[in-house]
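A.B. asks: Below are the chains, spelled out letter by letter.
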Amino acid sequence: MTDIAIDAVSYRYRRNAEALHDVSFGAPSGAILGLLGSNGAGKTTLLQCCAGLRAPDSGRVRIGGADSGSRALIVSGVIGYVAEGVRLPAERTLGQLERWLAPLHRRWDTYLATSLRERFGLDASCRLATLSRGEYMKASLLCALAAQPRVLLMDEPFTGIDALSKDEILRAMVASAAANGTTVMIASHDIAEIESALSHTAILTAGRLRVAGALEQLRERYRRVTMVGDEDVLAAFAREQAWLEIERAGRIVSIVADGERTPFDHGMLHRRFDGADSITVEDLSLRDLFASVVRSARTAPSRAEAA
Amino acid sequence: MYHVTPMLPFPVVIQPGESPVKQVVFAASKAILAGVLRAGDPFPSVREMSEALKLHPNTVQKVVAELARDGFIVVRPGVGTVVTAGPRAPDPDRLRVLDDSVEQLVVEARRLGLGREELVSAVDASWVAVFGDARRTGTHDADLRVPRPSRRSGR
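If you read the sequences in order, they're chains A and B.
Under our numbering, read the first sequence as residues 1 to 307, first letter to last.
Under our numbering, read the second sequence as residues 1001 to 1155, first letter to last.
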């Protein structure tokens, strides 16, 4: 079952360049999808389109089968949305806010709210106006998680959050995915920290989708292949193997290879380039994949687009 | 009454890059083989493991499936997951799984200027450190022994 289906979404801010161009991908139920991109790549705009806070110029987003613009989704608590700039009632306390939200959400979990408050180190009797930036973010996360939404959208939830609370947020997120099958889409620059919690990723550069899919498949598809050898074999290697990024130092060539376009089974590489002194194939971390995708999109947009 | 963060009976810190499934399977099987976890001990649930390791539940599910397939644990619906007496007798091809790691180790040893004997004794010392003295102890050792080539007929 597909919980988030983004179909050919484009969005343009008035008179500016397109913020999103023909973006399509999806996330199955229970997925935790990391939405990655440099600043200005379109992550926030896309999350707002998913939350129904912006209507795409063309294309559409469906959340659990319903159009994201439909009022019913946010009101009934199907979607949870956490971002900097989300306003909480300043003159109320966190406890008052919780009691106010509880009857509005069919699946509100009082026990979870209390337990998250403890884990985040928040005080129920504190006025929301007096919270620090990090505490404010934690309070809005608490409200989103306790409502147990089917789809949770998080835009840079770790801004201003200390390392310990970051751990607690990630734990609460995977526990919610494990217990309720919550689907999460999270935009964050802390790639290394969230990598293991993710099942899927989507990488945007300049409003375009470059890479999307299940992490496990991407891990199989993109790998770093390093070859040591003489000029002729290195040149043949660089010519024949499809790559995202290439680096070279003397007798060594290292590429981030795209295994879908030219497979890189280790034995086969050895047979095809038997003049090489050594060939190693390594797994890429998500951070490395992201960096390669962004750099390759900058230097050769057409090549990355074909990928 | 408040939330208690689950702790795992085997230590593992997930490094980015390498498949987390492989890393957790390695840590768990090492703990079982070394006797940190014994036959009959409860094995943590998917939810406990994903929370403790901040790991996606689907990833943990794969870890459990892999450990069960290799005979380290048994999943009993309704009861939970339990550690078994040890993996089933190794099939003769099992050693081939290690080929790549062994090759890497040999090359690395050579690069550092180590001799063959030095490497063999280092491997031996590491074995003793993890599993105890192989020649004297344990049921584990019997289970893990790789069959001699002579036991295989027709080759």
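None of these hints come from the bench; they were simulated from the model.
Built from N, CA and C at the ideal position, the CB exists for glycine as well.
Don't take each hint at face value.
[As the list claims (entries may be wrong)] Looking from chain A toward chain B, a few residues come up when the C-beta cut is under 8 angstroms (computed):
| id | residue |
| --- | --- |
| 1 | Ile32 |
| 2 | Ala163 |
| 3 | Leu164 |
| 4 | Ala177 |
| 5 | Asn180 |
| 6 | Arg219 |
| 7 | Arg223 |
| 8 | Asp274 |
| 9 | Asp277 |
| 10 | Ile279 |
[Said to hold, decoys possible] Taking lysine-lysine pairs in the DSS-like style, the calculated list, with each CA pair at most 30 angstroms apart, reads:
| id | chain 1 | residue 1 | chain 2 | residue 2 |
| --- | --- | --- | --- | --- |
| 11 | B | Lys1022 | A | Lys166 |
| 12 | B | Lys1022 | B | Lys1062 |
| 13 | B | Lys1062 | A | Lys166 |
| 14 | B | Lys1030 | B | Lys1062 |
[What the hints assert, rightly or not] Label pairs and their calculated CB-CB ranges:
| id | chain 1 | residue 1 | chain 2 | residue 2 | range |
| --- | --- | --- | --- | --- | --- |
| 15 | A | Ile252 | B | Gly1078 | 53 to 59 angstroms |
| 16 | B | Gly1040 | A | Arg271 | 47 to 53 angstroms |
| 17 | A | Gly160 | B | Met1007 | 27 to 33 angstroms |
A.B. asks: Decide, hint by hint, whether the structure agrees.
C.D. replies: A quick look at each hint next to the structure:
Taking 8 angstroms as the C-beta cut-off, the interface hint given for A:Ile32 holds, the closest approach to chain B being about 6 angstroms. The beta carbon of A:Ala163 is not positioned within 8 angstroms of any beta carbon in chain B (closest approach about 12 angstroms), and the interface hint is therefore violated. With a cut of 8 angstroms, the hint placing A:Leu164 at the interface with chain B is violated, because the nearest CB-to-CB distance is about 11 angstroms. Evaluation of the A:Ala177 hint against chain B yields a held restraint, the C-beta minimum of about 6 angstroms falling below 8 angstroms.
Annotation: interface hint on A:Asn180 violated; nearest CB of chain B at approximately 11 angstroms, more than 8 angstroms. Look at A:Arg219: its Cβ gets to within about 6 angstroms of chain B, closer than 8 angstroms, so that hint holds up. A cut of 8 angstroms between beta carbons decides the hint on A:Arg223: the least distance to chain B is about 11 angstroms, and the hint is violated. Violation of the interface hint for A:Asp274 is found here, the shortest Cβ-Cβ separation to chain B being roughly 18 angstroms, above the 8 angstroms cut-off.
Violation of the interface hint for A:Asp277 is found here, the shortest Cβ-Cβ separation to chain B being roughly 12 angstroms, above the 8 angstroms cut-off. Violation of the interface hint for A:Ile279 is found here, the shortest Cβ-Cβ separation to chain B being roughly 13 angstroms, above the 8 angstroms cut-off. Of the pairs offered as hints, the one joining B:Lys1022 and A:Lys166 holds, with about 25 angstroms between alpha carbons and a cut-off of 30 angstroms not exceeded. At most 30 angstroms may separate the alpha-carbon atoms for a hinted pair to count; B:Lys1022 and B:Lys1062 meet this at roughly 10 angstroms.
Simply put, B:Lys1062 and A:Lys166 have alpha-carbon atoms about 25 angstroms apart, close enough for the 30 angstroms limit, and the pair holds. As the CA atoms of B:Lys1030 and B:Lys1062 are separated by approximately 17 angstroms, the hinted pair is consistent with the 30 angstroms bound. As the Cβ distance of A:Ile252 to B:Gly1078 is approximately 56 angstroms, the hint placing it in 53 to 59 angstroms holds. Our hint of 47 to 53 angstroms for B:Gly1040 and A:Arg271 holds, since their Cβ atoms are close to 49 angstroms apart.
Taking 27 to 33 angstroms as the suggested C-beta distance range, the pair A:Gly160 and B:Met1007 conforms, at roughly 28 angstroms.
Hint check: violations occur at hints 2, 3, 5, 7, 8, 9, 10; the rest are consistent with the structure.
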